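Participant: These protein sequences, in sequence, are chains A and B.
Counting in the working numbering, the final residue of the first sequence is number 361, and the numbers go up one at a time with none missing.
Counting in the working numbering, the final residue of the second sequence is number 160, and the numbers go up one at a time with none missing.
No lab work stands behind these hints, which were simulated from the structure alone.
Quick caveat: nothing in here was measured; it's all calculated off a predicted structure.
Mixed in with the good hints there might be a few duds.
Using 20 Å as the maximum straight-line C-alpha spacing, the simulated SDA-like pairs for lysine to any residue come out as follows [as the list claims (entries may be wrong)]:
no., chain 1, residue 1, chain 2, residue 2
1, B, K134, A, T64
2, A, K95, B, T82
3, A, K318, A, E38
4, B, K134, A, L73
5, B, K157, B, A118
6, B, K134, A, V221
7, B, K134, A, R75
8, B, K157, A, T64
9, B, K134, A, S23
10, A, K95, A, A18
11, B, K134, A, E70
12, B, K134, A, T56
13, B, K134, A, K318
14, B, K134, A, K95
15, A, K95, B, K157
16, B, K134, A, R148
17, B, K134, A, R69
18, B, K157, A, R282
19, B, K134, A, R59
20, B, K157, A, R156
21, B, K134, A, E257
22, B, K134, A, V72
23, B, K134, A, L52
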Amino acid sequence: MTVDLSLIPDGGVGWLDASGQHSDIVLSTRIRLARNVENFTFTGRARDGERLRVLTQVREAVSTVPSLRESVLFRLDELPPTDRALLHERHLVSKELAGLDGQHPLRTGAAVFLSDGLGVMVNEEDHLRLQSLRSGFALHEAFAEIDRLDRDLGARVPFSFHHEFGFLTACPTNVGTGMRASVLIHLPGLVLTKEIGRVLAGLQQMGLTYRGLYGEGSEVVGNYFQISNQTTLGRSEEELLDLLVRVVGHVIEREEESRRVLLRDAGYIIEDKLWRAYGTLRYARSLTFDEAMNYLSGVRLAVGLKLITGLSVYTLNKLLIFSQAAHLAHAEGRALTESETSLARARYVRRALEAEAGTVG
Amino acid sequence: MLCDSCRERDAVVHLTQIVDNTVSQLHLCERCAAERGVETSVPQKSPLGDFLAEVHKQVAPVTSDGSRCAFCGTTMADFRTTGRWGCSRCYATFEQGMRELLRRVHGSSRHVGRGYNAPQDEALERTSQIGELKERLRRAIENEQFELAADLRDRIKVLE
Numbered sequence: 001m002t003v004d005l006s007l008i009p010d011g012g013v014g015w016l017d018a019s020g021q022h023s024d025i026v027l028s029t030r031i032r033l034a035r036n037v038e039n040f041t042f043t044g045r046a047r048d049g050e051r052l053r054v055l056t057q058v059r060e061a062v063s064t065v066p067s068l069r070e071s072v073l074f075r076l077d078e079l080p081p082t083d084r085a086l087l088h089e090r091h092l093v094s095k096e097l098a099g100l101d102g103q104h105p106l107r108t109g110a111a112v113f114l115s116d117g118l119g120v121m122v123n124e125e126d127h128l129r130l131q132s133l134r135s136g137f138a139l140h141e142a143f144a145e146i147d148r149l150d151r152d153l154g155a156r157v158p159f160s161f162h163h164e165f166g167f168l169t170a171c172p173t174n175v176g177t178g179m180r181a182s183v184l185i186h187l188p189g190l191v192l193t194k195e196i197g198r199v200l201a202g203l204q205q206m207g208l209t210y211r212g213l214y215g216e217g218s219e220v221v222g223n224y225f226q227i228s229n230q231t232t233l234g235r236s237e238e239e240l241l242d243l244l245v246r247v248v249g250h251v252i253e254r255e256e257e258s259r260r261v262l263l264r265d266a267g268y269i270i271e272d273k274l275w276r277a278y279g280t281l282r283y284a285r286s287l288t289f290d291e292a293m294n295y296l297s298g299v300r301l302a303v304g305l306k307l308i309t310g311l312s313v314y315t316l317n318k319l320l321i322f323s324q325a326a327h328l329a330h331a332e333g334r335a336l337t338e339s340e341t342s343l344a345r346a347r348y349v350r351r352a353l354e355a356e357a358g359t360v361g
Numbered sequence: 001m002l003c004d005s006c007r008e009r010d011a012v013v014h015l016t017q018i019v020d021n022t023v024s025q026l027h028l029c030e031r032c033a034a035e036r037g038v039e040t041s042v043p044q045k046s047p048l049g050d051f052l053a054e055v056h057k058q059v060a061p062v063t064s065d066g067s068r069c070a071f072c073g074t075t076m077a078d079f080r081t082t083g084r085w086g087c088s089r090c091y092a093t094f095e096q097g098m099r100e101l102l103r104r105v106h107g108s109s110r111h112v113g114r115g116y117n118a119p120q121d122e123a124l125e126r127t128s129q130i131g132e133l134k135e136r137l138r139r140a141i142e143n144e145q146f147e148l149a150a151d152l153r154d155r156i157k158v159l160e
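One chain only, chain B, in its complex shape (with noise of 0.2 Å):
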């Protein structure tokens, strides 16, 4: 589709007018839109992610130096850019005002569904090691060696 107004360019932006109740269609591409002064670039920040960086900010004022995660190195910056939390034990870092948050988000910050237990260590080793085992044989085959894909074979059996 043209743009409306050069009559050139691509259009990209796609405006719903509404003038005196007569509601309009304007089509534009981003140089016009510029030109109309139609904020057209993606915002940098996530909203959500600025909601829930001003309510944690209100309630657990971070120290300056601005903890950081420990496990996989999200700071409350990042949040803050983002509103995606790095990994679980994000949840633990950053529980001083956590619970203030989820509140704000939930209305509550307790979950009462249904709850879990990890499986045990011992049978998770074997499952991913079969894993593992099972990539490194698909692998082999790809690449022909069949020796060694015989032996990742018996391997993957005996843990099996």
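Isolated chain A (complex conformation) (with noise of 0.2 Å):
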């Protein structure tokens, strides 16, 4: 079996489209739940059996869910490593249920149910995963959505929740909310500014954290940060929504502030660099994945400060994407070694931004 991602609405990528708010700083909203289903022992705990039941129930309950009427199903137990590569790629499924983390093997009844924006894995660290994606800053749409979501699959399937605890997890860090709701943001501006340093440690103080690209445990590359709530119990979930829109909305600010100030005080220093960054992509015969990581962020950030006009952040995060070793090995057809990556790679970009020259200046 291999996946078809032509399957999924949007092919799972909605949410790359730049639609929503502040969309040129703040890439997506993430908002997911964990649930455990009760009389079940916690999937790194259970037999091969006891998750497949697991799959079963949900997927009986997951088919009058009017949300995931549409949804399709994959079972990453039966996929090939590169395809699930791909699903994890697109932000779909956590590197561990596509059993790619290297701790954790690929666990017998891993699956996930994808719908327009809104996902269930299942078998993950807990029995379930719910997640809502959405483009640019929208966490009050992107929680309304998978309360819904909750509600109705909560309705059908006895989810393990305690009087004092709330909803019970297997990392005693998710316990209460089981909500993890998460901003992916661009601060280049911060970066070039230095003045990250002090905003990330006042995310810390105000009980947020933050992450690189692919959440935890990844490394922070291309500027790219993920904030989210730190704790999961003892606030409701409004309180948590409120205070990650109110600190977010502050850091949004703040990386507009220093990008006028680098404008300002460094303003030809700035766009040459940020220029360069666009002629090695457009040029370039070889990328690493860092490298081209980087070099997108510069470009992004002219494209912020309108330095570079023409180029669409809805290209630039699709280049994100696919620009990724699954992706580029999928549109070749063929595995590629890492040097064949990298040129594979460059093609890419080359190709993508060849195709909105015309109107770059």
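With the hints as a guide, bring the two chains together.
Facilitator: Set out below in structure tokens:
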């Protein structure tokens, strides 16, 4: 069995379309809820048969949930590694569920239901990880959607819930609301003005945390940060969201302010640096992932500052996803070595920029 | 990528060194890394598990037999290794000390978010029965046992 990504509405990447608020700075908003099905041991300790029974029960419930009626089910445990990597690169499944994190083997019963902007991972660290993914800065909208799904599913499948501790999860850091709300935000201005350290320290004081592009354990690359709530217990979903909205709103203002400062105090240096980034992407013959991310970060900043016009944020978002190793191999229709991947990446980026080159100035 | 030191084996350890304000990258194979005293093995214990277990130990000296969850068999030692509970009942089994552990992690041990009532048994029973039957139906069709499939389909129809 291979994955047919065309089955997923928008290929699962509708969130790339840059339609949301502040989408030049905030790429996407994601909210996930961790839930477990009562009367089963948690995934990590369950036997294969138990995990399959969880999947069967959830699959039955999903078929009558309105927002998931059109969803597509992918059995990760039946997919080759290349296809699992594709789903992971699209941010549709976690590394752990895809069996790619090197710590957890691919589990029997690992699956994901995908619908337009919504997903349910089954047999992740918790039995269920519901997630909602949206373009731009849209925490309340994403929550409204995931909350509806949570109620619909919770009315059909009994979730593990404790009157005092809330929703029970395998890791005690997720117990309570089970909610991790995050925004993927691009902060080159704060990095260049060296303000970022203070901002990140401030986040932690407010009970928030940050990670890299791929969540827990991933490095910060290309100035992309995922800001999310650190704790899940002792504050309601609304309080956690309000805090995040307030703080991220403030971070956006600080980023805009540092971009103004950069232009004012170092205008031509910045302009030169960013055009060089564009030039490299436009003509390089080999690009590593980190290089591509860093130059794309520069070009994205240049578009935000209106130094480069005629290039859409949507194109830049797409490059972020489609210039990753599994996507390049998929496009080439064969496995690629590391150096072949760098060549294919440079070719892909070059063509994408060429397509819009007539208008770039 | 080849190891910077022996130039024979694949580099699997990537070091970033800062010497006199100069950043340099060093790519080593496992053997050369070990020779230079770089720890390459994956730690057996989860740091989070260690931290949480430490907190747990401080606030709830578990009896020497070490309590064990009656539902999933998880012990404190398991939790210490993985940093994960085995099932929802663990929260009751290890309740002594759980509040303090959660307070240390979250600054609070009380859920104030949305409440939840699990669906009634009867409805669940039916849903899970239908689920099982559909799974058997799928297998029957796969194995071309069409008589059995027809029978299963009828039973599903009745339940639905």
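Participant: Determine for every hint whether it applies to the structure shown.
Facilitator: Going down the list of hints, with the structure as the test:
no.: 1; hint: B:K134 with A:T64; in the structure: holds, 14 Å
no.: 2; hint: A:K95 with B:T82; in the structure: holds, 18 Å
no.: 3; hint: A:K318 with A:E38; in the structure: violated, 40 Å
no.: 4; hint: B:K134 with A:L73; in the structure: holds, 15 Å
no.: 5; hint: B:K157 with B:A118; in the structure: violated, 25 Å
no.: 6; hint: B:K134 with A:V221; in the structure: violated, 46 Å
no.: 7; hint: B:K134 with A:R75; in the structure: holds, 17 Å
no.: 8; hint: B:K157 with A:T64; in the structure: holds, 15 Å
no.: 9; hint: B:K134 with A:S23; in the structure: violated, 44 Å
no.: 10; hint: A:K95 with A:A18; in the structure: violated, 25 Å
no.: 11; hint: B:K134 with A:E70; in the structure: holds, 18 Å
no.: 12; hint: B:K134 with A:T56; in the structure: holds, 9 Å
no.: 13; hint: B:K134 with A:K318; in the structure: violated, 39 Å
no.: 14; hint: B:K134 with A:K95; in the structure: violated, 30 Å
no.: 15; hint: A:K95 with B:K157; in the structure: violated, 39 Å
no.: 16; hint: B:K134 with A:R148; in the structure: violated, 26 Å
no.: 17; hint: B:K134 with A:R69; in the structure: holds, 17 Å
no.: 18; hint: B:K157 with A:R282; in the structure: violated, 60 Å
no.: 19; hint: B:K134 with A:R59; in the structure: holds, 10 Å
no.: 20; hint: B:K157 with A:R156; in the structure: holds, 19 Å
no.: 21; hint: B:K134 with A:E257; in the structure: violated, 58 Å
no.: 22; hint: B:K134 with A:V72; in the structure: holds, 17 Å
no.: 23; hint: B:K134 with A:L52; in the structure: holds, 13 Å
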